[in-house]
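Colleague: Could you build all of it, start to finish, from the sequences and the hints given here?
Protein sequences, first through last, are from chains A and B. First residue of the first sequence: 1, per our numbering; consecutive thereafter. First residue of the second sequence: 1, per our numbering; consecutive thereafter.
Among the hints, erroneous ones may be present.
[Claimed, not checked] Have a look at the derived ranges for each label pair, beta carbon to beta carbon:
no.	chain 1	residue 1	chain 2	residue 2	range
1	B	A249	A	Q126	27 to 37 Å
2	B	R209	A	G135	27 to 37 Å
3	A	A57	B	E230	18 to 28 Å
4	B	P317	A	R69	34 to 44 Å
5	B	P317	A	E287	50 to 60 Å
6	A	N15	B	R209	26 to 36 Å
7	A	H189	B	E230	33 to 43 Å
8	A	K127	B	P317	37 to 47 Å
[Unchecked claim] Computed cross-link-like contacts, BS3-like style, restricted to lysine-lysine with a CA-CA straight-line distance of at most 27 Å:
no.	chain 1	residue 1	chain 2	residue 2
9	B	K109	A	K127
10	B	K135	B	K153
11	B	K9	A	K89
12	A	K117	A	K127
13	A	K128	B	K9
14	A	K214	A	K178
15	B	K135	B	K109
16	B	K135	B	K162
17	B	K135	B	K98
18	B	K9	A	K87
19	A	K196	A	K117
20	A	K196	A	K214
21	A	K86	A	K128
22	A	K86	B	K9
23	A	K117	A	K128
Simulated from the structure, these hints should not be mistaken for laboratory data. Every residue gets a Cβ at the ideal spot worked out from N, C-alpha and C, and that includes glycine.
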Amino acid sequence: MPVVELAGVTKAYENKVAVNNLSLSIDAGQMFGLLGPNGAGKTSSIRMLIGITIPDAGNVRLFEKPFERASLDRVGYLPEERGLYKKMKVLDQLVFFGQLHGLAADVARQRSTEWAKRMEIDGSLQKKTEELSKGMQQKIQLIASLLHDPELIIMDEPFSGLDPVNAALVERTLLDLKSQGKAILFSTHRMDQVEKLCDSICLINNGEAVLSGKMREIKSRYERNRVVMEFEGSSAFLTSAEIAEAKNFSGHCEIRLKEHGDAQKLLHEAAAVATIYRFELIEPSLEEIFIQTVGGKSGA
Amino acid sequence: MRNILLIAKREYLQQIRGRAFRYSTILLPLGICVLLSAMFFIGRKANSNVHVAIVADSARLANEIESELLHDKATTITVQVVAPASQQDLDTLLQRVKTKSLDGLLTIKRDADDAPSATYTSRSALGFGTQSRLKYAMNRAFLREWMSANGVKPAQVDDALKEVPIEILELDKEGNTAKSTGMAPFSKAMMMAFLLTMPILLYGMDMARSIIEEKSSRIFEVMLSVAPAEDLLAGKLLGVGAVGLTQVAIWVVGTALLTGSALAAPLLSGNLAIHFSLAEGLLFPLYYVLGFFLYSALFSGLAATCESAQELQMFMPLAIVPVWLSFGILPYLLNNPGSVWSVALSLFPATAPFVMLPRMGLENVPLWQYAVSVLLLILSIWAVLWFSSRLYRVGILMYGKRATLPEIYRWLRAS
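Modeller: Below is the structure:
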C-alpha cells in the first residue's frame with residue numbers, strides 16, 4: 001500500500017524551478033532515501049509533501065488520499081533546520097508537540113518519558129532546551145516527531161550533529177520503526193547510511209529525479225568495475241591494459257578497471273607475478289553512483 | 001481550533017512564568033510612580049526658594065506685591081523690597097543677580113503719564129509658575145493701590161478682591177446635574193491612555209520580537225507541519241493578548257486594593273478621587289483587545305519580513321505614529337473632548353482605543369460613536385490580519401535577508 005505518492009509534482013519560486021515533474025512512491029514498511037546535492041530540491045519536495053508549500057502542478061497523495069491537513073496527524077516530521085523553544089523545559093516541549101499532534105496531555109507525558117529513556121536523555125527532561133548540547137537537542141527533536149506514533153516518518157538529515165554512538169542509536173531506532181511497518185523517508189548526504197538503511201532511493205538534481213528505484217536494482221545497473229586485491233610479490237601487473245586507475249598500499253591495492261575491462265584477465269596477469277590472497281570484484285558504492293550520476297549534470 | 005488554543009496556552013504560560021512579565025508588572029507602574037513623583041517634586045522645587053527683589057518708586061506698591069506673593073501658599077518666594085531705590089541700590093541688586101545671589105529683579109516704573117511698566121531681570125528664563133504668580137501679585141497690588149487712591153476703604157478693597165471659587169457641575173443627557181470631580185476626569189483620562197497604550201505597545205512589540213526569534217531559531221518549519229500559518233498567528237495573538245490583559249488586570253486590582261486602603265484615602269481625595277463606571281470597566285477590556293489585535297497583527301506582518309530585531313526597530317517608529325498622534329492630541333482632547341478632531345480620532349481605528357476611552361471619562365460620548373468605532377476597529381483588524389497573515393505565511397520561511405517592497409508585493413500575490 002503506497003503511503004506517499006508524488007505524481008508529476010512541480011514547484012517554482014520566481015524564476016527558479018525548485019522541483020520539476022517529480023514522481024515517487026513509498027510503501028509501508030519501506031525506508032526511502034531522498035538524495036541529491038545541495039539545492040537539488042530535496043527540502044522543497046519534502047515541504048510539499050507535508051503541506052508547508054503547495055505544488056504548482058502535480059498531485060501529492062498521503063495514505064491513498066489527496067493531501068489534506070488531517071493526514072498530518074499520521075506523519076512525523078524532522079526538518080533539516082531544527083527548531084525547539086529554547087526557554088521551555090524538555091518535557092513541557094515534548095508534551096506540547098504531542099498535544100499538537102492530537103495526543104492527550106497525560107499520554108504525551110507518558111510517551112515522552114518512555115522515548116526519553118529509549119534515547120538516553122531521561123536525565124534531561126526537566127532541563128531547559130537551551131542548556132543541552134546540539135546532539136541532545138537533535139534527539140529531542142526526533143522524539144517530538146515520533147511521539148504520536150506516526151505511520152509515515154519524514155526526516156531531513158536525521159544524522160547531522162550526532163556523534164557515532166548517537167548516530168548508531170538513531171539508526172537502530174529507524175530500523176526498529178521500519179520493522180513495525182512504518183514508512184520512512186529521509187534525505188541525507190551520508191551515502192553510507194543510505195546504502196545501509198534504505199530499500200529504495202530517489203536521486204534528484206536540479207529539481208529532477210535522475211535516478212530512482214530499489215537499491216538492489218540500481219546497483220545492478222552499474223558495472224562491477226572495482227577490484228580490491230591483497231597480494232605478495234611483484235606489483236608489475238598494476239600496469240595492465242585492463243586497469244584505468246590503481247592505488248597500491250604495499251600489498252593491498254584498490255583498482256578501477258577500464259570500461260569493459262576484463263577482471264579475469266587481470267587476475268591471470270597478477271597471479272603470474274605475485275601470490276594472490278584476495279581478489280574481490282565489488283559493485284560501485286552509492287557514493288560513486290551519486291558522483292557519477294550527478295557529477296556531470298550538477299548545475300550547482 | 002484545538003491547536004490555536006494549545007499554541008495560545010503555550011505562549012501565555014511561557015510569558016507569565018518568565019522573569020520579564022514579573023519585572024514589568026511590578027517595575028513599570030513603580031517606575032511611572034517614581035517618575036511622576038520626581039516630576040512633582042522637581043516642579044515644586046522649581047517654584048520654591050526663588051529670591052526676588054522688588055524695586056519701585058512707591059514703597060506701598062512694592063509692599064503690596066510682597067504681601068500678595070507671601071500670601072500665596074503654593075510658593076515659597078523670598079522677597080526683598082527696595083523702595084524707593086537709588087541708582088547705587090539698582091547697581092548693587094544687578095550685581096547680585098549677576099553673581100546669582102539674587103534670582104531676579106522686578107523693577108516697576110511709571111512714565112510721565114503715570115502709566116506703569118515692569119521689567120524682570122534674571123540670569124535664567126523665568127519659570128511659568130513664578131511668572132504667573134508675579135504677574136498675578138503685581139496686578140492685584142496695582143488694583144488695590146488704585147482702589148485705595150480712589151477712596152475705597154481697605155475692608156471694601158479686601159471684599160472686592162476676595163476670590164470666588166467656581167463649582168463645576170456636569171449635566172448629563174437626562175438633565176441631571178452632578179458635581180464635577182475637579183481634576184479627576186483629567187487624571188482618569190491620562191491613566192486610561194497609559195493603561196491602554198503601555199500593554200498594547202509592549203506586548204505588540206513582544207509578539208513581533210518572538211516571531212523574529214522563532215524565525216531565526218527555525219521553529220516555524222516544525223510548527224507548520226502541524227498547523228497552518230494562520231493558526232500559528234491566531235494562537236500567538238490570543239496567547240500574548242491574554243498576557244497583556246492579565247497584566248492590566250493585576251494593575252487594576254492592585255490599584256483598587258491600594259485605593260481602598262487607609263493609606264490611600266488622604267492621597268486620593270478631593271481632586272484626585274478617581275472613580276470608574278461600569279461602562280468604562282466593560283469598554284476598557286474591549287478596546288484593549290481590539291487595539292492589541294490591530295497593532296499586533298500589524299507588527300506580526302512587519303516582523304515576518306525582517307531578519308533581526310534591529311531591522312524591526314527601523315520600522316517600529318513608523319508603525320506607532322498613530323499612538324504618538326493620540327498622545328499628541330491628549331492636551332487638546334482634555335480641553336475639547338467633544339470637538340470634531342476629538343470625535344474623528346476616537347472613530348479612526350488606529351487611534352480609537354487611545355482616544356475614545358480618555359474621552360468617555362471627560363464627557364458623555366453618544367452610543368453611536370462607540371458602535372462606529374468598534375465596528376471600524378473590527379473591520380480594520382480583519383483587513384490587517386488578511387494582509388499580515390499573507391506576509392507571515394511566506395515570510396516565516398524566508399531566511400537570509402530582509403524582504404524588499406517588490407518581494408512583499410509578490411508574497412501578497414502568491415499567497
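Colleague: Next step is simple, just say for each hint if it's right about the structure.
Modeller: Against the structure, the hints:
| no. | hint | result |
| --- | --- | --- |
| 1 | A249/B with Q126/A: 27 to 37 Å | holds (30 Å) |
| 2 | R209/B with G135/A: 27 to 37 Å | holds (29 Å) |
| 3 | A57/A with E230/B: 18 to 28 Å | holds (24 Å) |
| 4 | P317/B with R69/A: 34 to 44 Å | holds (39 Å) |
| 5 | P317/B with E287/A: 50 to 60 Å | holds (54 Å) |
| 6 | N15/A with R209/B: 26 to 36 Å | holds (33 Å) |
| 7 | H189/A with E230/B: 33 to 43 Å | holds (34 Å) |
| 8 | K127/A with P317/B: 37 to 47 Å | holds (39 Å) |
| 9 | K109/B with K127/A | violated (82 Å) |
| 10 | K135/B with K153/B | holds (24 Å) |
| 11 | K9/B with K89/A | holds (15 Å) |
| 12 | K117/A with K127/A | holds (15 Å) |
| 13 | K128/A with K9/B | holds (18 Å) |
| 14 | K214/A with K178/A | holds (16 Å) |
| 15 | K135/B with K109/B | holds (15 Å) |
| 16 | K135/B with K162/B | holds (17 Å) |
| 17 | K135/B with K98/B | holds (23 Å) |
| 18 | K9/B with K87/A | holds (15 Å) |
| 19 | K196/A with K117/A | holds (26 Å) |
| 20 | K196/A with K214/A | holds (13 Å) |
| 21 | K86/A with K128/A | holds (7 Å) |
| 22 | K86/A with K9/B | holds (17 Å) |
| 23 | K117/A with K128/A | holds (17 Å) |
The structure shown violates just one earlier hint, number 9.
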